[in-house]
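Peer 1: For this one, chain D is given, so just place chain H on it according to the hints.
Chains as they are written, first to last, in full-length UniProt numbering: chain D, 1 to 314; chain H, 1 to 325.
Do not take every clue at face value.
Chain D is nowhere near these chain H residues, computed Cβ spacing over 12 Å in every case [said to hold, decoys possible]:
hint: 1; residue: Pro91
hint: 2; residue: Leu117
hint: 3; residue: Ser188
Covered stretches of chain D, as calculated for chain H (at least 3 residues, CB under 8 Å) [to be verified]:
hint: 4; segment: 75 to 86
hint: 5; segment: 129 to 143
hint: 6; segment: 300 to 308
By construction, these hints were calculated from the structure, which means they are not laboratory data.
For every residue, glycine included, the Cβ atom is placed at its ideal position computed from N, Cα and C.
Spelled out from the first residue to the last, the chains are:
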Amino acid sequence: MAKKTGRVAFDSEPSNVIEAFAQRMMSRPQSVYQVLFYIAVGFFLLISLFPLYWLMILSLTPQSNIAGMNALTPNGFNPGVYMQIFEEVPFHLYIMNSLIIAAITTFVVLLIGSIGGYVFGRYEFPGRTPLMLGVLVISYFPPAAFLIPLFQLFTGNIDLFGLGISYPELYNTPGAVTLPLSALVMPLVIFILATFYGQIPDGLEDAARIEGSTRIGALFKIIVPLSAPGVATAGVLTFIIVYNEFFFSFLMLEGNPQEWGVLLHGIFRYQGTRSQAHNLMAAASLVGVIPMAAIVALAQDKIVSGLTQGALKE
Amino acid sequence: MAGERRTSRRAFRPDLALLNRIERLSDTQFVYLMLTPVFVLLGSMAIWPLIDTFQLSLHADSITTSGATGDFTGLENYIEMLTGNANTLLPRPFLDISEPFTSAVSVTLIFTVVAVLFETALGFGMALVLDKQFTGRRWVRVAIILPWAVPIVIQGMIFYLIFTPGVGFAAGPLADLGLISQAPLANSQDSLLVVILSDIWKQSAFMALLILAGLQSIDRDLYNVAKVTGASKIQEFWTITFPLVLPTLLIALLFRTIAALKVYGAIVTVTNCNTLPSLTCLVVSTWNANRYASAATIAFIMAAVIALALIGYLWKLRDLDYGGV
Numbered sequence: 001m002a003k004k005t006g007r008v009a010f011d012s013e014p015s016n017v018i019e020a021f022a023q024r025m026m027s028r029p030q031s032v033y034q035v036l037f038y039i040a041v042g043f044f045l046l047i048s049l050f051p052l053y054w055l056m057i058l059s060l061t062p063q064s065n066i067a068g069m070n071a072l073t074p075n076g077f078n079p080g081v082y083m084q085i086f087e088e089v090p091f092h093l094y095i096m097n098s099l100i101i102a103a104i105t106t107f108v109v110l111l112i113g114s115i116g117g118y119v120f121g122r123y124e125f126p127g128r129t130p131l132m133l134g135v136l137v138i139s140y141f142p143p144a145a146f147l148i149p150l151f152q153l154f155t156g157n158i159d160l161f162g163l164g165i166s167y168p169e170l171y172n173t174p175g176a177v178t179l180p181l182s183a184l185v186m187p188l189v190i191f192i193l194a195t196f197y198g199q200i201p202d203g204l205e206d207a208a209r210i211e212g213s214t215r216i217g218a219l220f221k222i223i224v225p226l227s228a229p230g231v232a233t234a235g236v237l238t239f240i241i242v243y244n245e246f247f248f249s250f251l252m253l254e255g256n257p258q259e260w261g262v263l264l265h266g267i268f269r270y271q272g273t274r275s276q277a278h279n280l281m282a283a284a285s286l287v288g289v290i291p292m293a294a295i296v297a298l299a300q301d302k303i304v305s306g307l308t309q310g311a312l313k314e
Numbered sequence: 001m002a003g004e005r006r007t008s009r010r011a012f013r014p015d016l017a018l019l020n021r022i023e024r025l026s027d028t029q030f031v032y033l034m035l036t037p038v039f040v041l042l043g044s045m046a047i048w049p050l051i052d053t054f055q056l057s058l059h060a061d062s063i064t065t066s067g068a069t070g071d072f073t074g075l076e077n078y079i080e081m082l083t084g085n086a087n088t089l090l091p092r093p094f095l096d097i098s099e100p101f102t103s104a105v106s107v108t109l110i111f112t113v114v115a116v117l118f119e120t121a122l123g124f125g126m127a128l129v130l131d132k133q134f135t136g137r138r139w140v141r142v143a144i145i146l147p148w149a150v151p152i153v154i155q156g157m158i159f160y161l162i163f164t165p166g167v168g169f170a171a172g173p174l175a176d177l178g179l180i181s182q183a184p185l186a187n188s189q190d191s192l193l194v195v196i197l198s199d200i201w202k203q204s205a206f207m208a209l210l211i212l213a214g215l216q217s218i219d220r221d222l223y224n225v226a227k228v229t230g231a232s233k234i235q236e237f238w239t240i241t242f243p244l245v246l247p248t249l250l251i252a253l254l255f256r257t258i259a260a261l262k263v264y265g266a267i268v269t270v271t272n273c274n275t276l277p278s279l280t281c282l283v284v285s286t287w288n289a290n291r292y293a294s295a296a297t298i299a300f301i302m303a304a305v306i307a308l309a310l311i312g313y314l315w316k317l318r319d320l321d322y323g324g325v
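One chain only, chain D, in its complex shape (with noise of 0.2 Å):
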């Protein structure tokens, strides 16, 4: 259509190159942009995956001929790197803990959130506002700000209520990575959860209350049911923040793959213990990869939408 208009005039010959090719956009826009586009797909999809294809290689070349590997392709080919990097350390444990840790957090988040999800996303109340407001600080505040008096509590260094009561020991469990990780990510299911709630029509909650319903059995009978799709995706966005965190996971727990370890330890571990070892630096990233690629793969569309409600409904 464009190229039919015919308002591009030049008055000059284009005296270099550059100029040409404005010349030639101007004169054929839709080709030129098909092609450009093409261009655009192409580069975002090398830069976004060819460091995890750059991984694999490195991984499948054998350590002695990393030093003369070219960033294309395989220098040798040794996949039982992918049997070594269980044998030198129990790598399965780590991920294992890492996905334990990351269930309990979102099924603790989704039980507590769903309800705040419930009131915020249906209810109009005094003080309903600043609440919210409140609630949506607190997830951008730095972990580094939590971390003193946690570590303390978790580690029973505070006396509770200044009756000798100490909390318990949570320093090196899961709790002490699943209790402050809950509270950071709260508000955004909260906010994913509300924007679901605040959708299902007033009539349907209402006739379950006049059939003698209570509110609480009209949340579990009427709204959870129906708003199942925003449940799956705050669960989804709650897994893989959790699996992926770093600073409470480092700090809170040990790294004994016997006490609850998680992927970071295991995979610090190999760039500890033998620091030659790149291939199975290599191949251990791509494996803990796997189970997020693997949700991503799945739940492309729930990710997308939690993650733009999350942030733009707020």
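Peer 2: Just chain H, lined up with the frame of chain D:
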């Protein structure tokens, strides 16, 4: 459920009695009862630690007895920190303009500004691509989101390997060109570059998704009008796309900026907090050096700056009648 009233005449059921009590609360009472678990969790894991951090920061360091702080000194820690007098006591200076790559504020600011700038540009490009209909779009989107879902430790490990001399493809050529040193991961300036690159790789997708949401809310008819009036694609972008996506872009920028200010894991994985001290790094290493009060001071300064920026921004959004709060 219908027979709740009559249950009292039969055997006493504590669970039904409780439900009955809850049902008779007013809406406001009910709401606050329901929110109790949220308040308990946020109160104990976020609000109390924040207040306690502030209290710690009002005391002197006590390096002889670990875990305790010294006398109450009021705001002195803040004065010492902000005037630079505390720099020599810390593992790395808080802010020292003469060594920008090893002082916490400057490292954090350089990291945040550069990373967020490139993430915005790349994210905008990705969003424009994903906004179009084309075959395979679904899988292109999976590929673009994937780095966002990569754990921080693996993000750091990838770039650690890429820039390890003799292993990574980037270390040798860039060093030959004189752009980085022979041991980039032991050099503050070079490792800052590596950490920035790793963050751009991971977080551009987040920007892309938010901007994409903004793009998709634009009324498509506007583009038809532009076509009829003969606007070029570039004019289309600056007169329609950019202004309409700007509010979303600003929100995305705010979120990425705040997240970038907290950088920690990528630094620990790529290099260490001594080579490249970000603010969070400095809190942890000061704390490890048993200077609890100084660590708390830095942490609280971070929290205060972030909170003020966020509250100001949110109130502004409310005035614009844009946010849903």
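Peer 1: Decide, hint by hint, whether the structure agrees.
Peer 2: Going through the hints against the structure:
{"no.": "1", "hint": "Pro91", "in the structure": "holds (14 Å)"}
{"no.": "2", "hint": "Leu117", "in the structure": "holds (16 Å)"}
{"no.": "3", "hint": "Ser188", "in the structure": "holds (20 Å)"}
{"no.": "4", "hint": "75 to 86", "in the structure": "violated (count 0)"}
{"no.": "5", "hint": "129 to 143", "in the structure": "holds (count 12)"}
{"no.": "6", "hint": "300 to 308", "in the structure": "holds (count 5)"}
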